[in-house]
Amino acid sequence: MAAHPHLGETLGQTEVRKHLPETRRDVAEWDSVVEPSHLAAQQASGYFLDLWHWRAGRSNAVGMSDDQWVGEHRHSDAGRGPYTTNWDAENARPQWMFDPEATERHALRWEDITAERVDFDGLYYLAESFAVPFDPDHDWQEGDVIPRRLLREGEGSRGDIRVAGDARWADGYWDVTLVRDLDTGQPDDKAFAPQGRYDLAFAVHRNATGSRWHYVSLPYSLGLGREADILASPVTAGTPDWSQPWFDLTLYYPGQVDWPLLIGEAHAGAGDIVAGLPVRAHHDEHQLAHYGVEMEFQDAIQRQWALTLVAGLLLLAGLFIGLLPAFRRRHPGGTP
Amino acid sequence: MTGMHHMLAHFPVAFWALASLMILVGVLARGRLADLCRVALLPVLILGILGALATILSGYGIWTLEALLHSPLSRNHLLMAFWSLAVYLMLLVLVWVGGRDAFAGRRGLALVVLGLLGAWLFALTGTLGGHLTGAPTVFSALPRLLGWEVYTTFYVPTWVLGVMVLLAIAVAVPGFRRSKRAPR
Chain U
1 MAAHPHLGET LGQTEVRKHL PETRRDVAEW DSVVEPSHLA AQQASGYFLD
51 LWHWRAGRSN AVGMSDDQWV GEHRHSDAGR GPYTTNWDAE NARPQWMFDP
101 EATERHALRW EDITAERVDF DGLYYLAESF AVPFDPDHDW QEGDVIPRRL
151 LREGEGSRGD IRVAGDARWA DGYWDVTLVR DLDTGQPDDK AFAPQGRYDL
201 AFAVHRNATG SRWHYVSLPY SLGLGREADI LASPVTAGTP DWSQPWFDLT
251 LYYPGQVDWP LLIGEAHAGA GDIVAGLPVR AHHDEHQLAH YGVEMEFQDA
301 IQRQWALTLV AGLLLLAGLF IGLLPAFRRR HPGGTP
Chain F
1001 MTGMHHMLAH FPVAFWALAS LMILVGVLAR GRLADLCRVA LLPVLILGIL
1051 GALATILSGY GIWTLEALLH SPLSRNHLLM AFWSLAVYLM LLVLVWVGGR
1101 DAFAGRRGLA LVVLGLLGAW LFALTGTLGG HLTGAPTVFS ALPRLLGWEV
1151 YTTFYVPTWV LGVMVLLAIA VAVPGFRRSK RAPR
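Here the protein sequences line up with chains U and F, keeping their order. Going by my numbering, the first sequence runs without a break in its numbering and finishes at 336. Going by my numbering, the second sequence runs without a break in its numbering and finishes at 1184.
Chain U extracted, bound-state conformation (with noise of 0.2 Å):
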């Protein structure tokens, strides 16, 4: 990966992440990444997906999202980001800490956090308004424990999505909302318009979870006063009142699937993708849920399966074999 021209010297990356299709020249080669200029052009005709990415412990507690966007790889959009990682490589230490003066600590206490005596009313993160550089002649006590990310305002295009309100964690629920320009006149986001429809879907990270161990949703359509799967409607003025019906919408953990196999000899419904059927046209979620842990054990569940269908066959051959002495005719002719 280091050694590819383009995802590890250009942009200086060590892993394959999620990218469209029509970034490769073969879809089932990571490394055939199209030319530059040719990314570029799909860029700019809007072959890009726009990734709003609110994380609850990276941007939630300076009121921002992250923003980024998926081509040929997962990009940040321009600009600064709302967190950054604080950690002095080269000297092996945190960056920041807690500014004593503004916050009288200079870190957290793992007990406080082990025990969740931390909530929202008080500090759990760090932020670069109460941040100080790292000491390191403090008199650092077993159990200090410095926030690994430095949370901050976001700027330019990365910038672009902040929370309204305070997002808030109860009874086992996230209620988040998140506003943004509609056009924000930056080539990495996609604009929206009255009239617009657009194609949008839902990924979870519950349970501190990272990388692909995240639930999803199957795609849904957004209308801005046109009829689709999720209507929006105009707010005049102030914040919406949020007193219209609710849009349910069912997550399910996918499995290790990638794009790959579903056009690919293994999936029956390679041609209907091809044929550009949607997924709900042959599946739902409660259907793929299952699916998506079965991919985790393919190999064993289709062995156990083979398997079972042997013995099966065996058993009923057996009680075939246990049978037959039985009916044989007494006496004789046909059937009567």
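Be aware that one or more of the hints could be misleading.
Distance windows between CB atoms, simulated [what the hints assert, rightly or not]: (1) U/Ala-44 with F/Gly-1130: 45 to 51 Å; (2) F/Gly-1130 with U/Glu-22: 33 to 39 Å; (3) U/Asp-299 with F/Gly-1031: 54 to 60 Å; (4) F/Arg-1144 with U/Glu-227: 18 to 24 Å; (5) F/Leu-1142 with U/Gly-122: 32 to 38 Å; (6) U/Glu-227 with F/Gly-1003: 32 to 38 Å.
Honestly, the hints are just simulated from the structure, not real lab data. None of the values given here were measured: they were computed from a predicted structure. Ideal Cβ placement from N, Cα and C applies to all residues, glycine included.
Given the structure of chain U, go ahead and fit chain F onto it with the hints provided.
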């Protein structure tokens, strides 16, 4: 080939459903209708098996073998189809070999049990086929009530496999011995 498979599947479904019904009537009832059932069962079973073979062969033309083995639903469909075929093949041979005596006493009871088992298995096969074509029926609720989610691959733990093989041997050995002792 999908349409052909759907069309052909009607034959084993119809003949096997009829065969199971004829077994019930032939074993449990008396009179003209029961006599007719006993007489006509063998050709119905033969037609059912022929229809099933044609249906299974046509099924392999719908998707690649790799695709068939990759989907939990199609794996289940295959498993139930082969088990159904095995049950009705067994019924065919037993009725053929047993002649008019096949319906009497414990032999008749064995036919009834196998007939009901076969009906359950081919009903599941058809239901799974409906799921595969995007036309599921409420019949799926029944296996779910019994604890099997049809969207998950049907398989048993390894120790159950062992029990199944031991059971197969346990029921086959006495029959094999009796077959060897029986006068030719």
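How the hints compare with the structure:
A hinted range of 45 to 51 Å holds for the C-beta pair U/Ala-44 and F/Gly-1130, which are about 46 Å apart. In this structure, F/Gly-1130 and U/Glu-22 meet the distance hint of 33 to 39 Å, their C-beta atoms being roughly 35 Å apart. One distance hint, 54 to 60 Å for the beta-carbon pair U/Asp-299 and F/Gly-1031, holds here, with the actual separation near 56 Å. Against the hinted window of 18 to 24 Å, the Cβ-Cβ separation of F/Arg-1144 and U/Glu-227 comes to about 34 Å, which falls outside the hint.
Roughly 54 Å separates the CB atoms of F/Leu-1142 and U/Gly-122, a value that falls outside the hinted 32 to 38 Å. At roughly 34 Å, the beta carbons of U/Glu-227 and F/Gly-1003 sit within the given window of 32 to 38 Å.
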